[in-house]
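S.K.: In order, the protein sequence lines correspond to chains A and B. Mapping the first sequence onto this note's numbering, position 45 (from 1) lands on 45, and the numbers just tick up by one. Mapping the second sequence onto this note's numbering, position 219 (from 1) lands on 1219, and the numbers just tick up by one.
By construction, these hints were calculated from the structure, which means they are not laboratory data. Just so you know, even glycine gets a beta-carbon here, dropped at the ideal spot from N, CA and C. Any given hint might turn out to be false.
[To be verified] What follows is a list of derived Cβ distance ranges for each label pair:
1. B:ASP1063 with A:ARG387: 34 to 40 Å
2. B:HIS1054 with A:LEU190: 20 to 26 Å
3. B:HIS1054 with A:TYR347: 33 to 39 Å
4. B:ALA1114 with A:MET210: 20 to 26 Å
5. B:GLY1140 with A:ALA71: 50 to 56 Å
6. A:ASP236 with B:VAL1060: 27 to 33 Å
7. B:THR1122 with A:ASP332: 54 to 60 Å
8. B:ASP1121 with A:GLU31: 41 to 47 Å
9. B:ARG1110 with A:ASP284: 56 to 62 Å
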Amino acid sequence: MATVVRLPELGESVVEGTVSRWLVKEGDRVERDQPLVEVTTDKVDAEIPAPVAGVVEALLAAEGEVVAVGAPLARIADGAQAGTGAAAPARPATAPTPPTAASPSPQAAAPAARSEEAPRATPVARRVASQAQVDLAQVEPTGAGGKVTKRDVEAHVRGAREVAPPAAARPAVVAPSEPDRRPAYLQYALQEGDRVIPMTPLRRLVAEHMVVSKRVSPHVGTVAEIDMIGVVRVRDAHKRAFEEANGFGLSFLPFIVHATVRALREFPRLNASVLEDAIVEKRDIHVGIAVETEKGLVVPVVRHADRLSLAGLAQAVEDLAVRARSKKLSPDELKGGTFTVSNPGRYGNLYGFAIINQPQVGILRMGELVKRPVVRSVGGEDAIVIRPIMHLALSYDHRAVDGAPANGFLHRVRELLEEAEFDL
Amino acid sequence: MGAGTEVLELGRVAYGDAMARQLELLEARRRGEGADVLLLLEHPAVVTLGRGAHEENLRVPRDLLRAQGVELFEVARGGDVTWHGPGQLVGYPILDLAARGAPDLHAYLRSLEALLCEALDTLGVPACTRPGMTGVFAAGHPEGRPRKLASIGVGVRGWVTWHGFALNVDCDLTGFECIVPCGLTGVEMTSVARELGASAPADLGRRARDAVRSAFLRNFP
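The task is simple: from the sequences and hints, build the whole structure.
M.R.: Right, dumping it as structure tokens:
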């Protein structure tokens, strides 16, 4: 026999409540009157107790979900197997456990799996889940055949962030704030005069991403010195006409992106992602452009960047940068990049190695453009001439990319820029 | 029932200790033991996050709070983030609402508001409530920013209540600066002492406890 626990009447004007926290998991033994779940309405947090003793068979509402009075919250299997020993521990060894125990995730506080079988998931979803340290069994599948998709994992991660911050941030009901348990070398005691800047949600997201990227992906760097004389000449020739036609100046960034996407076509290994046990080379080329805004770093994406002319790229890049700074980008415009170009601007210094924007395998960072003396052959003789030089630094993921294709790719970018066959 | 509500004045109690005491009384009450109880006390500086808490309403990093000796608790009460500290009168009613024949959570919130308004009236501070913003506010300035005198955040297990209300008597209001109280950005925190200004009596703390005790017993005899 199973008993369905429903949201009880909580008062005349209470028509619904928000599930704020589950206090039990599926498979848990509960005693009669043991609190099962907390439901919030206005400024009240109501703990709903178990009406019977038994084993929690299913949780029927997720944390954060708004449920109507009378709606089902959980199903408890009672009857014979449920309660012989009155003082049975909360989780006796004999309690039924799922046949395939999914490996417990760090966020074990989340509601338990809805399915008892090993979760079915797409390879991409598996990879995203493993990177985000999400237990697939915890994710609500919406894909064909009940498969967990990448989008499901992302939704789960977003939901987990909104509804139940990581376990460390949510100590048990009665526990005071956790003492700082990080190793001593990570701790810092605040000093007088220190300025403390709380992390914004964006900052925290960026920080997490950087750590994850460095952890999962062995970064290797390689640098090319580009003679930009050809590009500078093309730009100078079209600068005025371009600005008059478009209302904004022509920068060097579209030239770099243009050369990059052409080289990516020849070196598909740089336009790739690493799956669990495979590498996927992508047909489409969508280039993320790292933009520094007032609120922090964002990376809007130029879709099908290889289909755009130089002018088209310039317009797309300008449009994204303007809207990024005025916070008018849609979330879709920040997704789906397959390679990233980072332009630190006028103060980019000689060169630097950027962190790869996961799940991509490469990022190209522009250095400053400076006139330098270089050796060129003039009339068959070596001569020192003055040229505008830019360094381009490629960080690549050595899981997927070896030195040969990485260096080959960067060398090809250099050739394309030095050949400077751009049509505006 | 029948024994009538007991009021226990505990003085200054650490947040964790008060929580343990409440849980003890709550469980006893659920077993049908003892009477309904009102705990009146104050806490050393502490920040608590209710179940509706949004992390961004904590304006100061946890590390900084810790460095300043302000404890942080996440608790099973409704509402967002709040601050408690010396000079604030905290009331934790442990009431069996079902036994009182009034199992209605919103009605309970309204009763707490009403009794706090009564107590404030006794103290000479006109107070009011605002629809949609559970809590008690200083009356008389309808056009300005709402000025909040008391916060409410309640937990209920079975039908027995815990957590409760916090009335700013003469606390240091800068304590609230590290949070967005209750997640209400447009609200200013005020206290009985500040509303009374120069006319505040020397024994305001004592008077406030008496006023709240009497108002509580009238509403929950």
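S.K.: Hint by hint, note whether the structure agrees.
M.R.: Hints versus structure:
no., hint, verdict
1, B:ASP1063 with A:ARG387: 34 to 40 Å, "violated, 50 Å"
2, B:HIS1054 with A:LEU190: 20 to 26 Å, "holds, 24 Å"
3, B:HIS1054 with A:TYR347: 33 to 39 Å, "holds, 36 Å"
4, B:ALA1114 with A:MET210: 20 to 26 Å, "violated, 53 Å"
5, B:GLY1140 with A:ALA71: 50 to 56 Å, "violated, 43 Å"
6, A:ASP236 with B:VAL1060: 27 to 33 Å, "violated, 53 Å"
7, B:THR1122 with A:ASP332: 54 to 60 Å, "holds, 59 Å"
8, B:ASP1121 with A:GLU31: 41 to 47 Å, "holds, 45 Å"
9, B:ARG1110 with A:ASP284: 56 to 62 Å, "holds, 59 Å"
Checked against the numbered hints given earlier, this structure breaks hints 1, 4, 5, 6; the rest are met.
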